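K.L.:
Sequence:
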Amino acid sequence: MALEAILPVPVLVVEDEEIIQFRLRKILIDLGYANDVLLFAKNVKEAFAFLEQQPISLALIDLGLPDGNGIEIIEKIRALESNALILVISAWSTQESLFGAIKAGATGYVLKERDDAEVLLSIRSILRGGAPIDPFIAREILKQIAASESDAAIIAPQSSEAEHNLLTVREKEILNLVAQGLSNREIAEQLFVSRYTVESHIKHIYRKLSVTKRTKAVSTARSLGIL
Numbered sequence: 025m026a027l028e029a030i031l032p033v034p035v036l037v038v039e040d041e042e043i044i045q046f047r048l049r050k051i052l053i054d055l056g057y058a059n060d061v062l063l064f065a066k067n068v069k070e071a072f073a074f075l076e077q078q079p080i081s082l083a084l085i086d087l088g089l090p091d092g093n094g095i096e097i098i099e100k101i102r103a104l105e106s107n108a109l110i111l112v113i114s115a116w117s118t119q120e121s122l123f124g125a126i127k128a129g130a131t132g133y134v135l136k137e138r139d140d141a142e143v144l145l146s147i148r149s150i151l152r153g154g155a156p157i158d159p160f161i162a163r164e165i166l167k168q169i170a171a172s173e174s175d176a177a178i179i180a181p182q183s184s185e186a187e188h189n190l191l192t193v194r195e196k197e198i199l200n201l202v203a204q205g206l207s208n209r210e211i212a213e214q215l216f217v218s219r220y221t222v223e224s225h226i227k228h229i230y231r232k233l234s235v236t237k238r239t240k241a242v243s244t245a246r247s248l249g250i251l
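Per my numbering, the sequence shown starts with residue 25, numbered consecutively.
Hint data in this document are derived by calculation from the structure and do not stem from the laboratory. Given the structure is predicted, the values throughout are model-derived calculations rather than measurements. Just so it is clear, CB atoms sit at the ideal spot from N, CA and C, and this is done for glycine as well. Be a bit skeptical, because a hint or two may be false.
[To be verified] In silico lysine to aspartate or glutamate, EDC-like type, Cα no more than 16 Å apart, as pairs:
(1) K66 with E105
(2) K50 with D91
(3) K127 with E96
[Unchecked claim] Here are the in silico distance ranges between beta carbons for each label pair:
(4) D54 with N189: 22 to 30 Å
(5) E210 with K240: 17 to 25 Å
(6) L104 with I30: 18 to 26 Å
(7) A203 with N107: 43 to 51 Å
(8) A162 with E210: 26 to 34 Å
Hey, can you work out the whole structure from these sequences and the hints?
P.N.:
See the structure below:
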């Protein structure tokens, strides 16, 4: 009862991968939450069903879902409960993803590749009134701002720009390693991340390139000039 008086409840976790659901459940329990206040949805439809049943105080939301974008859920939560705390936990690391989520009403944004301690710190930060933004995304935004300023006087149309920016920096890095023949485990060891983080990135790469195989992902990326 004392914990529930301190921690906002209930908590909605929207994540389609079971292994990451398990990971987030453990983090929340370590934080002091009880199982019976944690609600888990695998897609937009399930999340909306929970939102119709009760107000949500804290939400952890992935953006890349099987039936849509997590931003739809953020907008729905914000429309129903202006004081809800919303943390995006996603493999997407683009400036557009961050700005889209924040504009929709997200309180913070952290990448899935962060270890449990870093994700827990992001949740703690939100609970204490903070607005955590993943350092990797912050650095990328700063780089893009610097690059746009230096190239402001140069206007050069590029027909393949949209295709080139289809994948995030990390996704391109992982796909390059896939092209070199490395397994998921080998990629994880080389990038110092967990294997399920690599698998999550590859899953998003498949979706973006509309493929189902590693070899097809590599060939498609090469044909688009991404690799």
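K.L.:
The structure should be examined with respect to each hint, and the outcome stated for every one.
P.N.:
Evaluated hints:
| no. | hint | verdict |
| --- | --- | --- |
| 1 | K66 with E105 | 21 Å, violated |
| 2 | K50 with D91 | 26 Å, violated |
| 3 | K127 with E96 | 12 Å, holds |
| 4 | D54 with N189: 22 to 30 Å | 37 Å, violated |
| 5 | E210 with K240: 17 to 25 Å | 20 Å, holds |
| 6 | L104 with I30: 18 to 26 Å | 23 Å, holds |
| 7 | A203 with N107: 43 to 51 Å | 47 Å, holds |
| 8 | A162 with E210: 26 to 34 Å | 29 Å, holds |
Violated hints, listed in ascending order, are 1, 2, 4; each of the other numbered hints is respected by the structure.
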